[in-house]
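Enquirer: Mind docking these for me? Both chains are given alone in their own frames, and the hints should help you get the complex.
Chains as they are written, first to last, in this note's numbering: chain B, 4 to 483; chain Z, 48 to 361.
Hints should not be assumed to be uniformly reliable.
If you want a taste of the chain Z side facing chain B, the calculated C-beta under 10 Å gives, among others [said to hold, decoys possible]: (1) Ala140; (2) Arg152; (3) Gly160; (4) Ala173; (5) Ser185; (6) Gly245.
Treat the hints as calculated values from the structure; they're not laboratory data. No experiment lies behind these values; they were computed from the predicted model shown. Glycine residues also receive a C-beta, built at the ideal position from the N, C-alpha and C atoms.
One letter stands for each residue in the lines below.
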Amino acid sequence: MRELSVLEAVREALFEEMARDPRVLLLGEDVATLGGVFRASEGLLERFGPERVIDMPMAETGIAGVAVGLAMRGLRPVAEIQFADFIHAAMDHLVGEAAKMRWRTAGDWTCPLVIRTAYGGGFRGGPYHSQSVEAFYAHAPGIKVVAPSTPADAKGLLLAAIRDPDPVLVLEHKRTYRLIRGPVPEGDVVVPIGSAAIARPGNDITVLSYGMMLHESLAAANAVAAEGIDVEVVDLRTLLPLDRATILRSLAKTRRLCVVHEDTLTMGLGAELCALAAEAGVLEVPPVRVAMPDLPGIPVDDALEDAVLPNRATIRAALIRLAAATPSGSVQRRAYDASIPQASSVVEIALPPEHTRTALGAVVAACRAVPVCNAAFAWSGIVQHPEVVVDCDFGPAAPARGGGTITLIDYGPDGADLAIPFVRPGQTTALRIGAVRDGRAFVACSVDHRAVDGADVGRFLAAFTAAIETVRAPETVHAG
Amino acid sequence: MTPAERERAYRALSLARALDERMWRLARAGRAHFAVPCSGHEAIGAGYALAMRAGLDWLSPHYRDLTALLVLGMPPRDVMLHFFSRPSDPNAAGRQPYAHFGSRRLHVLSQQGPQPNHCSHGVGCAWGSKLLADGSASVIAFGDGGAQKGEVHESMNIAAVHKLPVVFVVHRNGWTQSVKRENEYATDSLVARAAGYGMPGIAVDGTDVEAMFAAAGSALERARSGGGPTLIDAQCVRFLPNTSNDDDTRYRDRTALEAEFAVRDPLLRARSLVSAAFADAVDAENAGLAQDAADWAEAQPHGDPLTVAEHAYA
Numbered sequence: 004m005r006e007l008s009v010l011e012a013v014r015e016a017l018f019e020e021m022a023r024d025p026r027v028l029l030l031g032e033d034v035a036t037l038g039g040v041f042r043a044s045e046g047l048l049e050r051f052g053p054e055r056v057i058d059m060p061m062a063e064t065g066i067a068g069v070a071v072g073l074a075m076r077g078l079r080p081v082a083e084i085q086f087a088d089f090i091h092a093a094m095d096h097l098v099g100e101a102a103k104m105r106w107r108t109a110g111d112w113t114c115p116l117v118i119r120t121a122y123g124g125g126f127r128g129g130p131y132h133s134q135s136v137e138a139f140y141a142h143a144p145g146i147k148v149v150a151p152s153t154p155a156d157a158k159g160l161l162l163a164a165i166r167d168p169d170p171v172l173v174l175e176h177k178r179t180y181r182l183i184r185g186p187v188p189e190g191d192v193v194v195p196i197g198s199a200a201i202a203r204p205g206n207d208i209t210v211l212s213y214g215m216m217l218h219e220s221l222a223a224a225n226a227v228a229a230e231g232i233d234v235e236v237v238d239l240r241t242l243l244p245l246d247r248a249t250i251l252r253s254l255a256k257t258r259r260l261c262v263v264h265e266d267t268l269t270m271g272l273g274a275e276l277c278a279l280a281a282e283a284g285v286l287e288v289p290p291v292r293v294a295m296p297d298l299p300g301i302p303v304d305d306a307l308e309d310a311v312l313p314n315r316a317t318i319r320a321a322l323i324r325l326a327a328a329t330p331s332g333s334v335q336r337r338a339y340d341a342s343i344p345q346a347s348s349v350v351e352i353a354l355p356p357e358h359t360r361t362a363l364g365a366v367v368a369a370c371r372a373v374p375v376c377n378a379a380f381a382w383s384g385i386v387q388h389p390e391v392v393v394d395c396d397f398g399p400a401a402p403a404r405g406g407g408t409i410t411l412i413d414y415g416p417d418g419a420d421l422a423i424p425f426v427r428p429g430q431t432t433a434l435r436i437g438a439v440r441d442g443r444a445f446v447a448c449s450v451d452h453r454a455v456d457g458a459d460v461g462r463f464l465a466a467f468t469a470a471i472e473t474v475r476a477p478e479t480v481h482a483g
Numbered sequence: 048m049t050p051a052e053r054e055r056a057y058r059a060l061s062l063a064r065a066l067d068e069r070m071w072r073l074a075r076a077g078r079a080h081f082a083v084p085c086s087g088h089e090a091i092g093a094g095y096a097l098a099m100r101a102g103l104d105w106l107s108p109h110y111r112d113l114t115a116l117l118v119l120g121m122p123p124r125d126v127m128l129h130f131f132s133r134p135s136d137p138n139a140a141g142r143q144p145y146a147h148f149g150s151r152r153l154h155v156l157s158q159q160g161p162q163p164n165h166c167s168h169g170v171g172c173a174w175g176s177k178l179l180a181d182g183s184a185s186v187i188a189f190g191d192g193g194a195q196k197g198e199v200h201e202s203m204n205i206a207a208v209h210k211l212p213v214v215f216v217v218h219r220n221g222w223t224q225s226v227k228r229e230n231e232y233a234t235d236s237l238v239a240r241a242a243g244y245g246m247p248g249i250a251v252d253g254t255d256v257e258a259m260f261a262a263a264g265s266a267l268e269r270a271r272s273g274g275g276p277t278l279i280d281a282q283c284v285r286f287l288p289n290t291s292n293d294d295d296t297r298y299r300d301r302t303a304l305e306a307e308f309a310v311r312d313p314l315l316r317a318r319s320l321v322s323a324a325f326a327d328a329v330d331a332e333n334a335g336l337a338q339d340a341a342d343w344a345e346a347q348p349h350g351d352p353l354t355v356a357e358h359a360y361a
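Same shape as in the complex, but just chain Z (with noise of 0.2 Å):
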């Protein structure tokens, strides 16, 4: 990463932090429906976005790739939109609540309830590119948890197949809201599934945003290339509950969780990557951008019911 890259990264890990935590307590007070956290797996979204050339390339994201959004462009203000589910919200218009993230000016495909029907998506969308040649790339991020659905081995299996120019990407967070990793899958990594679809697999640290923006890198210009689809098992930490309807201390020990966060934290690790100037003052920029983007957003109008219907058919 170039020294640009680098505070480049930190301030889209720094602003989604901020989101993050507003986000969190804003619905633990009840303010808003839902919330989704991304605290731990900051780093991935931000390393594959800063690899992907935006506005041309396209994404289907997983839910807890804020990071991506926000290094994509999406400003903090539309975030919060999307957290208050107002019907100005451009990713999912009051709609759908929090996380369900979307915008075809991004290039970013719209998300969905079921985990993770986006892979098959995202393949049909990089498929478009090759017949279109357009010289566009694709990265679909998912859990580890959505990971073990057919629907992941379809996609993949069509991806490589067509030899398509795509990116999977695997959060690798080890927790399926409360099922624990053994009770998902029999390995310690996913990275070895790559090679039964006759596609490479990199294992990456999650939390390590220059190893994740170098992965993605080399499995971007291998699927512009034409070489076709490769899978990133991204391994993470899950700092907190799965959303905020979730209670965690349920199913897991949390002294033990944020022992592990203190030296995987990837904002913290990312800090290292900037000067300590910078690092204050981003995060301080940010803590009032977060601000003002939930202050904005919570006062913009609910929705007017004589609308619901519209946009069913064309």
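Bound-form chain B, shown alone (with noise of 0.2 Å):
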């Protein structure tokens, strides 16, 4: 299939239809002559003339008030705002006329029209050249508002949207319009308004997004993909009126919610998404939302605004904090345990010079009694080891050899008294063994806090500690 830029596939849109219907016109600040800032309606002056390609004075409440007066006749007007930013001065005609006409006649009178704005950030326009306005316009029941993001959906949403009978908002992310390109296909493809796509699935966590921040949770989807993490990534398409099946249907399946916005956090698109979530009691841990922080604008500055901008880093951190958050059902509440020595990870312990293998058989003690160090983190689970194997590190002449279940570290009288030991991959815990001094020696123990916590670590110690009493023969040993 041949290939479009989202830009292309808005003009392509724009000139088909208004061949397609002679009801259709295009009105907006340098829409005509020039074509429009984006060059979306380049062209179309030249081939559909003056009286349906119409440069608007610089007047945005005017453009949107003519345009609802146009679709009241039955015409079927595309009006363009230069920038989302510029919309608010259109909005009373858009919620407050536009969406409430159908209903406050009871069809007597409708209102279909179309306003197309470029919005979002990610190109230094700074704060009247970047906002994203969606959460204004989500809010007002009457309108539809649809946000592609793909050029196949540029297309085939502004074909929706003009041949809608209600009034439809387009929001163009123009750094999708040269950025992105993508397969379109040929003649007279709609996507319905109101559906959602799967942009790519998953079975871990659910991404939904829409618009530039698509394409940043596609990258950070992938990055994690690389981790074991698997994430469904939603592209909303429509966010009024949300595609409610597709997105409560892939978090039936991953229970998990991230929500990507580049609109401001609060009251954003991000609030309504988690709601429906938690109303539906689909989610097995709380919801993340990644959004631009509550500020009154986007800098302009290159690296404060890239400071404020999610992008496919901050996704990606987020989707690493949401796979390993902890099922809230699931965590168990014990009372204080006495038998837990202290809230360390390191002990001073009595010790013999010679105590090799008095230590391997109290690490398979410790380990018999605190099974959670001896297994392995997984992003599905917590895997536990079914026997005990002891990787040893007696130092340069003796390392590990790997291959174990736990590590334990003991250089002998010519080591540290104390440093911390390493946890292995495959490994919850490691332990070592300091030199001995004077009869007592430090233990020091590092463990994988995603599997176990700091109490583990005081319980494991403990039965350590207690077993080194007792010289037990270990089960399996890999002596260095």
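Expert: Below, the structure written as structure tokens:
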């Protein structure tokens, strides 16, 4: 299939629909002679003439209001508001008039207009050429709001919007215009309003996004796939009305929700999407929102804008956090355990200079007492090893072989008194015995805290200390 | 005006007054939610509506233009259905309070709360007439308070730039609810504004139905012939408070107002255009029509809550 940019797809939709339906006309600032500041309407004036492609005065209120009147007369105006940042001057006509027209007259009057506008940041436009405005308009029953992110949807949704019997706001992310290219089917392929799309199937987490953030979300999803996190990315495409069925079907599968939008956080679309999921009772962990912080505007300086807009890195971090979250229903609260000696991962114990077999036996005993210390972390759950296989690291002359289920480090009298052991892949716990001084030694324990909490460390060290008193032969030992 | 046109004008003014007085009393008695009186404004709507071609031309009315609705063919019972906000009201289906007129059948664009958002709607409608080349023209009426909004500036400018077939009519009663003219605009009249848009302006006594008819007739003729828009500044007296929720004794002197109204009441002035016998007979007939319409409309059922979400979308 041929590939177009989002901008070319928008232009093609305008061309085809104006050719198909003589009621369609285009009005806005700079749309005729210049072909739009983004060139979305380039060539339309030459093809359809100044009666149908109209350069309007710089008057957003008037543009929207005149479009309402044209639509009431049965024409199909497609008004362009050059930047979404300027649309608030038209809000009264969109929210106060167009949205209510059918309802307030019980269908006697209707208002089938389209307003297209370019929104979104990421190109150093500053506070008045970068805003995302969707939350204001998605809060207005009576209109429909679409936000395509691919060329095929940019065309298909614009065709649907122009043919819709009700007012539709089409939000086109200006960074997608030239950056995003993709296949666009030839001919009259309409994308129905109110239908989301699965942009990337997955099983572990559902990401809901749209516009430029959809592409950042897809990049983040691909990045965390290497870490074993299988993300489903849903392209909302229509923001009002939401495709609740597709959203909830995905969430019923993954039970974990991350919403990504460029709009500011508070009262943004993410709030509604999280409420939708919460009310449906489908989440096993709290949802995560990745959004612009609550600032009055998007700054123009490169470093400052990059700092406030979500991107694939911040989305990736959110996905990892969400994948690691523990279902709140499965947390087991325990009473205070007096047998845990101290809230520390280091204990000082009495130990003879020759203690290797004693220590190995104590590690095995401690693993039996606290099995989570003889386990491996995976995103899908914690796997306890059926047997204890101790990886022994007795110094440079006798390093660990690997392949065990827990690591014991003991450099003998030449080692340091205290050092931090490292947890090896496939294990959750590593134990290090320091040099023995005057019959005593420090024992340090490191754990993978995704699997083992602090109380478990205390229990493990308590069990180890108790077992040191009893010499027992280890079941399996890789002696160095 | 021909004798027949004068009689039509008087009939409309008399019926509007009869309905207006009944609505005012019913609202004050708590029988309905909201009244918007038109007393003093009747000649403006009657004048321009008589100059329109009903069923062809289009209207975005001022909320005190009850006479225009009557001239264009709205039955008194429909007016009262609207006043009582019943779901069978063809204007607003029980969803908007009184004086939010609208009727596709009568070519009256649905009206809204925020004034005067219908100006640009009317301009879009007039643009539709030009694009569809159906020979129709539009009238857009609004108050002198509303005229201070950017909406009106943008609408008049766009209409002038594209020579749209439209007539702007400003009801200039000198009050924006409680705010006097001096706090709304710095000139005595608004007619000079027309020149700023490159359109002709006509100043007219809005209490004189014949003068209003003549001004609207010439402006509509200019619109139909491709000459573009005209602004008519129609000065009048708002005899009653702004709405049934307003108390105008807090901001104006009723005694002086009544003295002024005694000589500028459009209905009294229109009596001189017809015979006393005709006027008396019409007044009596209209009193009966108003009472019948009110009694009938008040008896119509309220809405079914199950229908409240209907027509949010197609």
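Enquirer: Compare the structure with each hint and give your call.
Expert: Okay, the hints, checked on the actual structure:
1. Ala140: Holds. Min distance 4 Å.
2. Arg152: holds, 8 Å
3. Gly160: Hint holds; glycine 160 of chain Z Cβ to chain B Cβ min 8 Å, cut 10 Å.
4. Ala173: Since the shortest Cβ distance to chain B is 8 Å, the answer is holds.
5. Ser185: Holds, about 9 Å.
6. Gly245: violated, 13 Å
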